[in-house]
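So the sequence lines, in the order shown, correspond to chains U and P. In terms of this note's numbering, the first sequence is residues 14 to 221. In terms of this note's numbering, the second sequence is residues 14 to 221.
Think of the hints as simulated: they come from the structure by calculation, not from any bench. Treat the hints loosely; a few may be bogus.
If several chains are the same, the list does not tell them apart, and a pair holds so long as it fits within one copy or across any two.
[Claimed, not checked] Straight-line distance between alpha carbons at most 16 Å, and here's what the computed EDC-like set of lysine to aspartate or glutamate pairs gives:
#1 Lys167 - Asp208
#2 Lys24 - Asp63
#3 Lys20 - Asp208
#4 Lys83 - Asp208
#5 Lys51 - Glu172
#6 Lys124 - Glu142
#7 Lys167 - Asp84
#8 Lys131 - Asp157
#9 Lys218 - Asp192
#10 Lys115 - Glu80
#11 Lys20 - Asp130
#12 Lys51 - Asp192
#13 Lys167 - Asp63
#14 Lys179 - Glu80
#15 Lys131 - Glu150
#16 Lys131 - Asp147
#17 Lys167 - Glu202
#18 Lys131 - Glu47
#19 Lys115 - Asp208
#20 Lys183 - Glu202
Keep in mind that this is a model prediction, so the values were computed, not measured.
There are 2 protein chains.
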Amino acid sequence: MKQNISKAVIKRLPRYYRYLGELLDAGITRISSEELSKIMKVTASQIRQDLNNFGGFGHQGYGYNVETLKDEISVILGLKSPHNLIIVGGGNLGRAIAGYPKFGNRGFIVKAIFDNDKSVIGSRVGDIETYSVDLLENIVPTLDIDIAVLTMPKEHAAETAERLYKLGIKAFWNFAHTDLQLPGDAFCENVHLSDSLMQLSYRLKNSL
Amino acid sequence: MKQNISKAVIKRLPRYYRYLGELLDAGITRISSEELSKIMKVTASQIRQDLNNFGGFGHQGYGYNVETLKDEISVILGLKSPHNLIIVGGGNLGRAIAGYPKFGNRGFIVKAIFDNDKSVIGSRVGDIETYSVDLLENIVPTLDIDIAVLTMPKEHAAETAERLYKLGIKAFWNFAHTDLQLPGDAFCENVHLSDSLMQLSYRLKNSL
Chain U
14 MKQNISKAVI KRLPRYYRYL GELLDAGITR ISSEELSKIM KVTASQIRQD
64 LNNFGGFGHQ GYGYNVETLK DEISVILGLK SPHNLIIVGG GNLGRAIAGY
114 PKFGNRGFIV KAIFDNDKSV IGSRVGDIET YSVDLLENIV PTLDIDIAVL
164 TMPKEHAAET AERLYKLGIK AFWNFAHTDL QLPGDAFCEN VHLSDSLMQL
214 SYRLKNSL
Chain P
14 MKQNISKAVI KRLPRYYRYL GELLDAGITR ISSEELSKIM KVTASQIRQD
64 LNNFGGFGHQ GYGYNVETLK DEISVILGLK SPHNLIIVGG GNLGRAIAGY
114 PKFGNRGFIV KAIFDNDKSV IGSRVGDIET YSVDLLENIV PTLDIDIAVL
164 TMPKEHAAET AERLYKLGIK AFWNFAHTDL QLPGDAFCEN VHLSDSLMQL
214 SYRLKNSL
């Protein structure tokens with residue numbers, strides 16, 4: 014069944030996960046799809062439909078158990094088993110991601126940073142060491158890496174992704190300002206910050 | 014006419030802008046919608062349709078002049094007039110954004126950083142000073158700010174956005190891990206990094 018879940022539903026799951034976490038933090042243990050609908054500003058029928066993709070965890074007249082639902086979503090999202098990450102690009106953005114404690118709490122463990130700048134190589138973010146990018150082939154195979162975070166300039170992104178793919182990495186979190194061409198069994202989530210900022214600029218211009 | 018452009022088209026415009034910039038960097042001055050289609054992996058008819066929203070800049074048998082098209086898109090996106098930004102949250106992410114030279118090159122000028130952490134207040138990123146968040150009401154009105162970048166923890170995001178809205182800021186670039194409830198004439202672009210990382214985790218789990 015899971016194979017047929019639409020991309021749109023998958024895109025909404027982290028948002029459910031986030032809202033359920035906020036409810037739990039607020040001490041709310043049970044919620045109806047109507048209440049969840051109000052908070053999340055999607056229709057109750059959308060919520061029921063989305064969650065039915067996974068067999069549905071609600072019960073007529075009871076609603077959803079917040080903790081159970083959050084837990085089930087975390088299983089679906091693959092958050093139950095830890096993921097090992099490397100960051101290629103030890104500039105400000107790479108270091109910000111390396112130092113963000115919430116990723117570690119959710120099982121995304123940054124194992125190493127790589128850079129080509131001698132002034133950065135050898136430095137640490139917490140426990141995480143920065144290595145020369147020349148050592149990718151030596152170090153990556155020893156670390157059981159699932160995900161590569163690309164925070165280097167776009168000029169080096171394609172070549173680096175190719176090297177990492179050859180080392181067995183299939184998942185790329187790409188902040189470099191370019192779209193990567195990856196083999197069919199690899200996949201990529203892009204965070205193009207400029208694209209997002211330009212949309213804000215557009216809305217600003219057209220709201221005036 | 015501009016009022017009726019769909020959100021989907023607006024979302025694609027920064028990508029056109031980016032690819033046209035890459036073409037210019039490579040010395041390509043003229044391109045057909047078919048060639049652009051191959052590079053961007055969208056259909057040629059989609060490209061023609063998208064660009065027709067703005068009157069269309071192509072000519073039968075000639076294609077598009079890359080520089081003119083990029084320039085027209087930059088007008089549409091509001092990139093021709095500079096925008097003044099403040100960053101609230103002077104941690105790693107806020108400093109990464111403050112120090113990112115490409116934003117400045119595109120007319121997004123960071124004027125000040127605000128934080129509540131005494132160890133950060135008074136420090137600089139390049140020329141940009143970090144002030145106490147208590148001084149928002151004193152400093153923001155002097156800077157002619159268009160856009161507030163929110164890189165503080167989610168617990169303070171709603172209250173800060175409300176203060177900034179009262180100071181006349183309508184555009185929010187929100188990295189705090191929460192959805193803001195803003196008045197109808199304000200708008201927000203969210204960059205929820207965890208959501209993006211969770212989608213990668215989902216795809217990793219379901220590709221195995």
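How the hints compare with the structure:
no.	hint	in the structure
1	Lys167 - Asp208	within (14 Å within a copy, 23 Å between copies)
2	Lys24 - Asp63	within (11 Å within a copy, 24 Å between copies)
3	Lys20 - Asp208	between (21 Å within a copy, 13 Å between copies)
4	Lys83 - Asp208	between (31 Å within a copy, 14 Å between copies)
5	Lys51 - Glu172	neither (46 Å within a copy, 20 Å between copies)
6	Lys124 - Glu142	within (8 Å within a copy, 33 Å between copies)
7	Lys167 - Asp84	neither (37 Å within a copy, 22 Å between copies)
8	Lys131 - Asp157	neither (26 Å within a copy, 39 Å between copies)
9	Lys218 - Asp192	neither (27 Å within a copy, 23 Å between copies)
10	Lys115 - Glu80	neither (19 Å within a copy, 43 Å between copies)
11	Lys20 - Asp130	neither (38 Å within a copy, 40 Å between copies)
12	Lys51 - Asp192	between (36 Å within a copy, 13 Å between copies)
13	Lys167 - Asp63	neither (36 Å within a copy, 26 Å between copies)
14	Lys179 - Glu80	neither (40 Å within a copy, 37 Å between copies)
15	Lys131 - Glu150	neither (18 Å within a copy, 42 Å between copies)
16	Lys131 - Asp147	within (12 Å within a copy, 39 Å between copies)
17	Lys167 - Glu202	within (15 Å within a copy, 23 Å between copies)
18	Lys131 - Glu47	neither (56 Å within a copy, 43 Å between copies)
19	Lys115 - Asp208	between (25 Å within a copy, 12 Å between copies)
20	Lys183 - Glu202	within (11 Å within a copy, 29 Å between copies)
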